[in-house]
Amino acid sequence: MNRDYLQDALQTFNGGNWYGWKTHDDNGNKIPNDQRMCYECIEVIKDGATIPSEADVNAKIQELKDAEADAIAKKASGKQKLKDLGLDDDEIKALTGA
Amino acid sequence: MAITRIITPAVTDANVTLAKLSATGTKSSSTFLRGDNTFAGAGITEADQWRLTANLAGNNFITSNLERSDTYGAGYIGTGMSQSSGVFTFPSTGIWKVEFNPNYRLNGDTRVIEAKIYTTPDNSTYNVAAFANTFIQQTESNETAASTYLQINFDVTNTSNDKVKFYSEYTNQSTLMKGSTSGNWTTMTFTRLGDT
Chain A
63 MNRDYLQDAL QTFNGGNWYG WKTHDDNGNK IPNDQRMCYE CIEVIKDGAT IPSEADVNAK
123 IQELKDAEAD AIAKKASGKQ KLKDLGLDDD EIKALTGA
Chain B
218 MAITRIITPA VTDANVTLAK LSATGTKSSS TFLRGDNTFA GAGITEADQW RLTANLAGNN
278 FITSNLERSD TYGAGYIGTG MSQSSGVFTF PSTGIWKVEF NPNYRLNGDT RVIEAKIYTT
338 PDNSTYNVAA FANTFIQQTE SNETAASTYL QINFDVTNTS NDKVKFYSEY TNQSTLMKGS
398 TSGNWTTMTF TRLGDT
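Sequence order for the protein chains is A and B.
Our numbering numbers the first residue of the first sequence as 63 and each following residue consecutively.
Our numbering numbers the first residue of the second sequence as 218 and each following residue consecutively.
What the hints contain is simulated information worked out from the structure, not anything from laboratory work.
For every residue, glycine included, the Cβ atom is placed at its ideal position computed from N, Cα and C.
Certain hints may be false.
Quick list of in silico lysine-lysine cross-link-like pairs, BS3-like style, CA-CA up to 27 Å [what the hints assert, rightly or not]:
1. A:137 / A:127
2. A:145 / A:84
3. A:145 / A:155
4. B:314 / B:333
5. A:122 / A:145
6. A:108 / B:314
7. B:244 / A:108
8. A:84 / B:382
9. B:244 / B:333
Now the stretches of chain A that chain B is said to cover, found in silico as 3 or more residues with beta-carbon under 8 Å [unchecked claim]:
10. 85-99
11. 138-150
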């Protein structure tokens with residue numbers, strides 16, 4: 063199950079809820095449904111909102127991925143520190159739920 | 218003298234034309250003749266499904282990013298629903314089953330997620346016709362999912378006045394209602410069950 067990083071990133075701009083997806087290209091051709099959810103198909107639906115640059119969106123996506131990796135790493139390191147203190151796996155699970 | 222046998226009348230099936238039937242109701246290719254000599258609608262005449270096409274965050278009515286489900290074999294029966302700014306209009310009167318099945322994601326906790334179906338009898342005053350609750354407690358330090366389901370049977374007596382719209386609210390405003398153009402995450406399903 064993959065996280066939708068693009069939409070998670072887009073929500074952080076313009077106060078959120080500002081975008082939709084183009085259904086047709088500039089020539090009036092229908093864009094297939096499974097090809098609409100991309101940077102090129104972003105459509106502004108909120109007054110005053112502007113489309114952030116692709117670089118800014120990609121930077122936000124990377125930020126979200128880094129935060130996710132950091133949380134996983136902290137969880138592992140925290141568990142190891144508890145083990146180093148002498149707790150066994152059952153005791154750690156009772157304390158942290160994981 | 219006692220009758221000892223009955224002779225089948227010499228009337229072929231082809232000679233019993235529809236014009237000779239006295240049944241009431243609308244005689245057409247989509248009706249059938251019931252035992253009470255009435256022509257009635259056959260089966261489901263309207264079934265439609267719409268979906269949210271982009272994520273929606275925070276307490277909000279769904280007012281945009283809606284489309285009829287149209288991928289991977291999706292279809293509909295009848296005229297289908299129409300909508301403007303998230304307010305759905307029914308194509309005909311009748312008892313309609315309205316279903317709302319939102320999916321949620323949050324990278325954190327939200328104590329309450331409350332989804333609602335609003336209906337109006339006058340195209341103005343809306344009432345909450347259905348509620349459903351769920352919550353998200355973050356699991357594995359990552360984005361965590363939830364969904365819920367609401368359903369009403371709505372008596373549509375006037376298609377200009379009887380309408381529905383959909384809402385969701387949260388204790389954590391970062392909660393996302395999931396939307397997609399390529400598959401169904403958050404859906405609204407409309408089925409006409411019968412006459413009003």
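Results for each hint:
Restraint check for residue 137 (chain A) and residue 127 (chain A): the C-alpha separation of about 15 Å stays at or below 27 Å, so the hint holds. For the hint linking residue 145 (chain A) to residue 84 (chain A), the alpha-carbon distance of about 52 Å lies beyond 27 Å, and the restraint is violated. A distance of roughly 11 Å separates the Cα atoms of residue 145 (chain A) and residue 155 (chain A); the hinted pair therefore holds under the 27 Å criterion. A C-alpha spacing of about 15 Å is found between residue 314 (chain B) and residue 333 (chain B), which places the hinted pair at or below 27 Å, so the restraint holds.
Between residue 122 (chain A) and residue 145 (chain A) the alpha-carbon distance is near 35 Å, which puts this suggested pair outside the 27 Å criterion. At most 27 Å may separate the alpha-carbon atoms for a hinted pair to count; residue 108 (chain A) and residue 314 (chain B) exceed this at roughly 32 Å. For the hint linking residue 244 (chain B) to residue 108 (chain A), the alpha-carbon distance of about 50 Å lies beyond 27 Å, and the restraint is violated. A hinted pair counts as satisfied when its Cα atoms are at most 27 Å apart, and residue 84 (chain A) with residue 382 (chain B) qualifies at roughly 23 Å.
Restraint check for residue 244 (chain B) and residue 333 (chain B): not satisfied, since their Cα atoms lie roughly 40 Å apart, outside the 27 Å limit. Closer than 8 Å: that is the beta-carbon criterion, and the region 85-99 of chain A has 5 residues meeting it against chain B, so the requirement of 3 holds. Beta-carbon proximity to chain B at under 8 Å applies to 0 residues in the region 138-150 of chain A; the threshold of 3 is not reached and the given coverage is violated.
The earlier numbered hints that this structure contradicts are 2, 5, 6, 7, 9, 11.
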